[in-house]
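Top to bottom, those sequences are chains A and B.
Everything in the first sequence is counted per this note's numbering, starting at 17 for the first residue and increasing by one.
Everything in the second sequence is counted per this note's numbering, starting at 17 for the first residue and increasing by one.
The reader is advised that the hints may include incorrect statements.
Given that identical chains are not distinguished, each listed pair holds provided it fits within a single copy or across any two copies.
In silico BS3-like pairs for lysine-lysine, Cα to Cα no more than 25 Å straight-line [as the list claims (entries may be wrong)]:
#, residue 1, residue 2
1, 142, 156
2, 400, 68
3, 256, 143
4, 400, 202
5, 129, 350
6, 292, 339
7, 236, 142
8, 75, 142
9, 317, 129
Simulated from the structure, these hints should not be mistaken for lab results.
Number of protein chains: 2
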Amino acid sequence: MLIVKKFGGTSVQNAERVQNVARRIVEEYDKGNKVVVVLSAQGHTTDELIAKAKELNPKCSKRELDMLLSTGEQQSVALMAMAIHALGYPAISLNANQCPILATSTYGNARIKDIDTNRINAELDKKNIVIITGFQGINKYGDITTLGRGGSDTSAVALAATLKADLCEIFTDVDGVYTGDPRIIKNAKKLKSISYDEMLELASLGAKVLHNRSVELAKKYNVNLVVRSSLTEEEGTVVKEESLVEKMIVTGVAVDKDVARISVVGVPDIPGMAFKIFSNLSKHKVSVDIILQSIGRESSKDISFTVSKDELEPALKAMEDLKGVSYESISYDKNIAKVSIVGAGMDTNSGVASDLFEALYSSAINVNMISTSEIKISVLVEEKEAERAANAIHDKFIR
Amino acid sequence: MLIVKKFGGTSVQNAERVQNVARRIVEEYDKGNKVVVVLSAQGHTTDELIAKAKELNPKCSKRELDMLLSTGEQQSVALMAMAIHALGYPAISLNANQCPILATSTYGNARIKDIDTNRINAELDKKNIVIITGFQGINKYGDITTLGRGGSDTSAVALAATLKADLCEIFTDVDGVYTGDPRIIKNAKKLKSISYDEMLELASLGAKVLHNRSVELAKKYNVNLVVRSSLTEEEGTVVKEESLVEKMIVTGVAVDKDVARISVVGVPDIPGMAFKIFSNLSKHKVSVDIILQSIGRESSKDISFTVSKDELEPALKAMEDLKGVSYESISYDKNIAKVSIVGAGMDTNSGVASDLFEALYSSAINVNMISTSEIKISVLVEEKEAERAANAIHDKFIR
Numbered sequence: 017m018l019i020v021k022k023f024g025g026t027s028v029q030n031a032e033r034v035q036n037v038a039r040r041i042v043e044e045y046d047k048g049n050k051v052v053v054v055l056s057a058q059g060h061t062t063d064e065l066i067a068k069a070k071e072l073n074p075k076c077s078k079r080e081l082d083m084l085l086s087t088g089e090q091q092s093v094a095l096m097a098m099a100i101h102a103l104g105y106p107a108i109s110l111n112a113n114q115c116p117i118l119a120t121s122t123y124g125n126a127r128i129k130d131i132d133t134n135r136i137n138a139e140l141d142k143k144n145i146v147i148i149t150g151f152q153g154i155n156k157y158g159d160i161t162t163l164g165r166g167g168s169d170t171s172a173v174a175l176a177a178t179l180k181a182d183l184c185e186i187f188t189d190v191d192g193v194y195t196g197d198p199r200i201i202k203n204a205k206k207l208k209s210i211s212y213d214e215m216l217e218l219a220s221l222g223a224k225v226l227h228n229r230s231v232e233l234a235k236k237y238n239v240n241l242v243v244r245s246s247l248t249e250e251e252g253t254v255v256k257e258e259s260l261v262e263k264m265i266v267t268g269v270a271v272d273k274d275v276a277r278i279s280v281v282g283v284p285d286i287p288g289m290a291f292k293i294f295s296n297l298s299k300h301k302v303s304v305d306i307i308l309q310s311i312g313r314e315s316s317k318d319i320s321f322t323v324s325k326d327e328l329e330p331a332l333k334a335m336e337d338l339k340g341v342s343y344e345s346i347s348y349d350k351n352i353a354k355v356s357i358v359g360a361g362m363d364t365n366s367g368v369a370s371d372l373f374e375a376l377y378s379s380a381i382n383v384n385m386i387s388t389s390e391i392k393i394s395v396l397v398e399e400k401e402a403e404r405a406a407n408a409i410h411d412k413f414i415r
Numbered sequence: 017m018l019i020v021k022k023f024g025g026t027s028v029q030n031a032e033r034v035q036n037v038a039r040r041i042v043e044e045y046d047k048g049n050k051v052v053v054v055l056s057a058q059g060h061t062t063d064e065l066i067a068k069a070k071e072l073n074p075k076c077s078k079r080e081l082d083m084l085l086s087t088g089e090q091q092s093v094a095l096m097a098m099a100i101h102a103l104g105y106p107a108i109s110l111n112a113n114q115c116p117i118l119a120t121s122t123y124g125n126a127r128i129k130d131i132d133t134n135r136i137n138a139e140l141d142k143k144n145i146v147i148i149t150g151f152q153g154i155n156k157y158g159d160i161t162t163l164g165r166g167g168s169d170t171s172a173v174a175l176a177a178t179l180k181a182d183l184c185e186i187f188t189d190v191d192g193v194y195t196g197d198p199r200i201i202k203n204a205k206k207l208k209s210i211s212y213d214e215m216l217e218l219a220s221l222g223a224k225v226l227h228n229r230s231v232e233l234a235k236k237y238n239v240n241l242v243v244r245s246s247l248t249e250e251e252g253t254v255v256k257e258e259s260l261v262e263k264m265i266v267t268g269v270a271v272d273k274d275v276a277r278i279s280v281v282g283v284p285d286i287p288g289m290a291f292k293i294f295s296n297l298s299k300h301k302v303s304v305d306i307i308l309q310s311i312g313r314e315s316s317k318d319i320s321f322t323v324s325k326d327e328l329e330p331a332l333k334a335m336e337d338l339k340g341v342s343y344e345s346i347s348y349d350k351n352i353a354k355v356s357i358v359g360a361g362m363d364t365n366s367g368v369a370s371d372l373f374e375a376l377y378s379s380a381i382n383v384n385m386i387s388t389s390e391i392k393i394s395v396l397v398e399e400k401e402a403e404r405a406a407n408a409i410h411d412k413f414i415r
């Protein structure tokens with residue numbers, strides 16, 4: 017078997033943890049498997065490097081930041097190879113250039129285009145355990161680009177897909193995917209399996225277990241993905257095509273507090289007004305999440321939408337250009353949160369929405385906005401009530 | 017003009033120093049010059065990374081150590097590019113792979129084989145200040161090799177030679193080359209210029225101003241080299257073909273305390289015995305410095321030689337194999353030091369040796385061993401008298 021194992025920054029944050037991970041890796045190797053390891057930078061290395069950069073240049077070049085940050089992963093892989101050697105096993109570290117892992121030129125947020133597997137396969141054939149830097153690629157100029165926060169998950173899945181690995185294990189500081197964040201949801205349960213689509217919705221809704229693009233990629237290439245703990249031997253959660261083991265209507269509850277609501281009041285009820293507003297926001301690089309339109313007074317309408325909290329100010333600024341033309345007044349609210357339920361069984365089960373509202377009503381929680389998709393329902397509530405709302409909903413659906 | 021500027025680790029050890037260096041670089045750029053900058057790792061980065069490696073594996077692989085250590089220089093160049101950007105000037109950082117700088121495969125002690133200047137010249141043509149990682153190259157496998165301690169000097173001179181630069185400035189924490197180490201020699205004076213050969217002798221005799229290989233390379237390609245301070249605007253010392261400005265008999269005095277003496281007593285006076293001893297030492301990777309042979313008792317001779325202090329034990333161990341065959345007994349002394357004088361005018365000036373012995377005799381310092389070359393005389397003295405000896409010799413020749 018060829019197995020790709022990815023370990024995050026906390027799993028390799030100091031010498032002791034590096035040695036623990038090294039032992040897990042050689043156990044797999046001892047079973048006769050080929051092992052490819054993908055690592056993130058140690059502990060807080062990336063944050064410390066970013067702080068150093070900002071001290072010199074608050075608006076530092078993204079190319080140079082990628083040049084700087086990529087050193088963190090390179091240190092991790094070299095140290096891991098040394099730790100594996102110390103156990104008496106053969107290992108070699110490779111950075112994105114040595115593989116090479118080819119990526120786009122969008123510094124700080126690149127996408128993997130292709131992976132040349134010749135060197136990796138040659139090293140595996142030499143019986144080496146191959147340790148590869150996550151989070152990075154090289155572009156057509158030979159320059160280093162990084163894949164954005166959490167990009168090491170994507171590196172691991174892309175490697176598993178290209179190498180046609182039998183299994184891709186993502187080791188993290190939690191022991192699997194839960195029906196909700198255990199720090200928030202009292203009765204959260206670990207799932208034995210979850211479908212790619214459900215995982216995607218959960219990931220984009222604020223459950224930080226897996227990097228979103230890694231799940232997209234796993235779905236596209238049908239990669240056999242497992243999320244498990246780097247600290248325990250527990251089994252973890254399988255992410256796959258269909259969630260067959262547990263046929264649950266609702267797979268999980270997610271809470272996202274990084275939400276702000278903007279309401280645009282008195283938009284003239286003539287065609288093209290909504291387009292004007294959202295194309296203007298897009299021009300200013302503001303990403304809009306939930307959009308809701310309601311009927312207002314006298315041939316006008318109100319439009320509400322949500323953005324992430326740090327995009328609130330840019331969004332309000334962008335809206336100023338249209339004042340008087342596209343709307344009368346604007347209001348906003350930073351103290352809100354989004355609570356969502358995700359489940360593949362939802363679209364064939366008409367009672368879900370009413371059960372959701374019943375749970376919130378019983379807890380006397382007011383609902384601000386509602387948005388639905390085939391496998392998801394999101395509601396906006398006051399931020400201070402988010403956790404109570406999430407628990408009420410969780411316990412209504414998951415027992 | 018095309019100018020290569022090299023700054024060492026202490027010159028870029030924190031944000032403030034990086035900003036100072038950035039200002040010096042843009043001053044040069046503002047004069048209309050093309051500027052290539054070579055940097056070492058910040059401050060103690062390299063030592064910290066070595067400590068991390070040794071913690072995981074005291075005998076860590078040199079390939080993996082190079083992979084680890086090379087990140088230090090990559091961080092330096094990225095941070096410097098950011099600092100230059102912050103001043104409003106164009107700059108780009110390049111690592112050994114991006115140039116590329118091609119080197120041999122001797123991990124930890126590689127030599128530069130060739131530098132591809134296409135990318136560097138293209139960036140200079142785009143009006144960029146080009147910041148390049150010192151200390152590293154890539155081998156034929158695309159793997160990173162480092163050039164050994166102080167290798168950034170060599171990187172800078174090799175770049176200056178290949179780019180046909182008009183000037184190569186080595187910025188360091190001293191303001192030039194002195195007639196002796198100012199911390200030891202009370203009356204040490206800064207030299208306006210020194211020849212490549214004199215600099216080579218001084219470098220190999222323990223004056224740690226310039227990396228030895230960098231001087232060899234500068235001599236070979238006739239690179240216009242200047243050693244100067246990164247902290248002051250003082251002029252520094254020019255290293256060039258002939259020391260024309262100051263025709264001094266003795267250019268400098270060097271003290272090297274990293275010396276141990278081994279005396280092999282009772283070597284049979286038959287051909288091949290010296291060869292047997294030194295080929296055996298070479299087989300055990302022991303480097304021998306000064307060798308002296310003297311006549312012993314009854315058809316036998318004594319051979320004394322010096323090694324660095326940390327090679328004393330391996331040398332004694334290597335000698336054990338030959339006991340009884342090639343010699344009778346062995347003695348050694350760790351508490352010695354080598355004091356040397358260097359000067360191009362020495363070989364045409366017969367009084368130098370006698371002046372040297374006079375200086376030592378007047379100070380009542382006993383001489384242990386003597387070794388001479390065309391432009392150098394070295395004497396071994398007791399370690400505790402090394403500084404007094406060096407000062408006495410210095411003041412005899414340099415006024």
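Hint check results:
For a Cα distance limit of 25 Å, the shortest separation of residue 142 from residue 156 across copies, 18 Å, qualifies, whereas the shortest one inside one copy, 29 Å, does not. When the C-alpha separation of residue 400 and residue 68 is checked against a cutoff of 25 Å, the pair qualifies neither within a copy, at 35 Å, nor between copies, at 44 Å. In this assembly of identical chains, residue 256 and residue 143 lie within 25 Å of each other by CA distance neither inside one copy nor across copies; the values are 30 Å within and 52 Å between. For the identical chains of this complex, residue 400 and residue 202 are intra-copy neighbours only, at 17 Å inside a copy versus 72 Å across copies, given an alpha-carbon limit of 25 Å.
For the identical chains of this complex, residue 129 and residue 350 are neighbours neither inside a copy (38 Å) nor across copies (60 Å), given an alpha-carbon limit of 25 Å. Proximity of residue 292 to residue 339 under the C-alpha cut-off of 25 Å is restricted to the intra-copy arrangement: shortest distance 12 Å within a copy versus 95 Å between copies. Taking the shortest alpha-carbon separations for residue 236 and residue 142, neither the intra-copy value of 31 Å nor the inter-copy value of 41 Å comes in at or below 25 Å. Only between protomers do residue 75 and residue 142 lie at most 25 Å apart by alpha-carbon distance; the minimum there is 22 Å, versus 45 Å within a single protomer.
Taking the shortest alpha-carbon separations for residue 317 and residue 129, neither the intra-copy value of 44 Å nor the inter-copy value of 72 Å comes in at or below 25 Å.
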